[in-house]
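Number of protein chains: 2
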Amino acid sequence: MKEIKDKSIEVFLDELASKQPTPGGGSAAAVMGAQGAALVSMVCNLTIGKPKYAAVEAEMQNLLAEAEALRETLIGMIKADVDVFDKLMACYALPKASDDEKAHRSAQIQFVLREATEVPLACAKACAEAMALSRVAAEKGNLGVISDAGVAVMAAYAGLKSAALNVTINAASLKDREFAEAKLAELRALMQSADSEAEEVYQIVKAKL
Amino acid sequence: MKEIKDKSIEVFLDELASKQPTPGGGSAAAVMGAQGAALVSMVCNLTIGKPKYAAVEAEMQNLLAEAEALRETLIGMIKADVDVFDKLMACYALPKASDDEKAHRSAQIQFVLREATEVPLACAKACAEAMALSRVAAEKGNLGVISDAGVAVMAAYAGLKSAALNVTINAASLKDREFAEAKLAELRALMQSADSEAEEVYQIVKAKL
Numbered sequence: 137m138k139e140i141k142d143k144s145i146e147v148f149l150d151e152l153a154s155k156q157p158t159p160g161g162g163s164a165a166a167v168m169g170a171q172g173a174a175l176v177s178m179v180c181n182l183t184i185g186k187p188k189y190a191a192v193e194a195e196m197q198n199l200l201a202e203a204e205a206l207r208e209t210l211i212g213m214i215k216a217d218v219d220v221f222d223k224l225m226a227c228y229a230l231p232k233a234s235d236d237e238k239a240h241r242s243a244q245i246q247f248v249l250r251e252a253t254e255v256p257l258a259c260a261k262a263c264a265e266a267m268a269l270s271r272v273a274a275e276k277g278n279l280g281v282i283s284d285a286g287v288a289v290m291a292a293y294a295g296l297k298s299a300a301l302n303v304t305i306n307a308a309s310l311k312d313r314e315f316a317e318a319k320l321a322e323l324r325a326l327m328q329s330a331d332s333e334a335e336e337v338y339q340i341v342k343a344k345l
Numbered sequence: 137m138k139e140i141k142d143k144s145i146e147v148f149l150d151e152l153a154s155k156q157p158t159p160g161g162g163s164a165a166a167v168m169g170a171q172g173a174a175l176v177s178m179v180c181n182l183t184i185g186k187p188k189y190a191a192v193e194a195e196m197q198n199l200l201a202e203a204e205a206l207r208e209t210l211i212g213m214i215k216a217d218v219d220v221f222d223k224l225m226a227c228y229a230l231p232k233a234s235d236d237e238k239a240h241r242s243a244q245i246q247f248v249l250r251e252a253t254e255v256p257l258a259c260a261k262a263c264a265e266a267m268a269l270s271r272v273a274a275e276k277g278n279l280g281v282i283s284d285a286g287v288a289v290m291a292a293y294a295g296l297k298s299a300a301l302n303v304t305i306n307a308a309s310l311k312d313r314e315f316a317e318a319k320l321a322e323l324r325a326l327m328q329s330a331d332s333e334a335e336e337v338y339q340i341v342k343a344k345l
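Residue numbers (the working numbering), protein chains in the order written: chain Z, 137 to 345; chain H, 137 to 345.
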């Protein structure tokens with residue numbers, strides 16, 4: 137079986153639209169985040185080496201390295217989302233005839249639910265990071281491609297808000313409320329200023345068009 | 137040469153990140169819109185045929201047909217964006233030594249700029265339409281996959297805001313101000329309630345998790 141990242145865009149979209157449970161919103165969130173990181177890289181690649189932008193050359197080199205590392209992380213998350221979802225479905229399919237079976241099934245579900253909460257939380261974090269990088273691209277990148285920094289921030293923002301939904305769903309099913317609440321607190325911290333941050337970066341770009 | 141839709145997600149992201157001018161934010165906008173439409177279809181496909189949702193069966197069938205048509209349109213826009221950008225670059229590359237050449241080059245640029253304004257405007261319209269469909273999915277779709285309706289609205293919203301930047305850039309370079317202002321008025325109408333609409337649909341989903 138091909139990994140999702142190796143499938144064509146059209147096949148990915150066909151599978152997203154189908155009644156197969158995966159790929160779903162979690163993979164779509166990672167793809168959006170990766171598009172955001174890729175567009176930050178594009179702005180960097182079209183700023184680096186231009187005499188007019190010599191003053192920000194070193195900063196753009198660093199930004200490019202960060203964006204490329206983040207893109208790799210987010211590409212990995214496309215698969216991570218599918219893997220943990222499949223694991224969770226396998227747990228729900230465990231037998232539940234006897235009390236022993238019920239107890240075993242429930243313990244397995246709870247074990248995998250922790251991972252199913254952490255995977256989208258990591259995606260949300262990576263998307264928030266991509267938003268922060270797109271602000272630098274919007275502020276200092278080549279004006280000729282500055283709109284791509286605006287697309288970057290919107291893609292990363294959509295990825296963040298999407299991943300957040302999956303954190304919320306899976307945290308809600310966790311019986312270990314201390315763990316769940318800790319993860320939800322991390323999520324709230326990421327989300328706190330996301331709406332205003334996305335709008336601010338978008339307006340920085342718009343003002344330069 | 138492979139069309140973008142036939143390239144793998146990873147190759148698409150590599151090309152997006154590279155210093156090649158295309159694909160850029162315009163194609164990314166279309167891909168995000170298509171992800172939104174695909175996720176509306178996913179919610180429909182996992183609602184249709186379920187006895188619990190028999191009351192909305194016909195509506196979900198219609199919604200699915202609309203989402204699939206929109207997805208096709210948006211997939212076509214990935215290529216349309218690259219094509220018109222390449223055409224525009226070819227115009228800018230025309231010779232401009234003599235006054236005649238200058239006049240011819242300018243006329244060609246202006247001719248293609250109209251298309252370069254209309255292509256992202258059509259993408260913005262399709263994304264706004266995908267947002268409207270995701271509201272129906274969020275309100276009436278299978279609760280078990282309702283988060284995918286929330287991802288759908290965010291993807292389509294990011295596509296809309298992204299496409300809008302390209303309409304703004306290209307309209308600004310148009311000498312035919314009447315045409316440009318008419319297109320910008322259409323864009324403003326699409327954008328007017330987009331922020332609040334995205335937030336409302338997202339909150340409908342969140343309240344159901």
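Keep in mind the hints are simulated off the structure, nothing from the lab.
Computed from a predicted model, the values in this text were never measured in an experiment.
Hints may be right or wrong, so weigh each one.
Claimed, not checked - Covered stretches of chain H, going by a simulated chain Z footprint (3 or more residues, C-beta under 8 angstroms):
(1) 141-152
(2) 177-186
(3) 282-294
(4) 297-308
(5) 336-344
Using N, Cα and C, we set each Cβ at its ideal position, and we do this for glycine too.
Right, here's what the structure says about each hint:
Counting residues of the region 141-152 of chain H whose beta carbon lies closer than 8 angstroms to any beta carbon of chain Z gives 10, which meets the minimum of three for the stated coverage. Proximity of the region 177-186 of chain H to chain Z, defined as three or more residues with a beta carbon under 8 angstroms from a beta carbon of that chain, is established by the 4 residues found. Check result for the region 282-294 of chain H against chain Z: holds, 9 residues qualifying (beta carbon to beta carbon below 8 angstroms, three or more required). Look at the region 297-308 of chain H against chain Z: 7 of its residues bring a Cβ nearer than 8 angstroms to a Cβ of that chain, three or more, so the hint holds.
Check on the region 336-344 of chain H: 3 of its residues sit with their Cβ under 8 angstroms from a Cβ of chain Z, so the three-residue criterion for coverage holds.
Checked against the numbered hints above, the structure breaks none of them.
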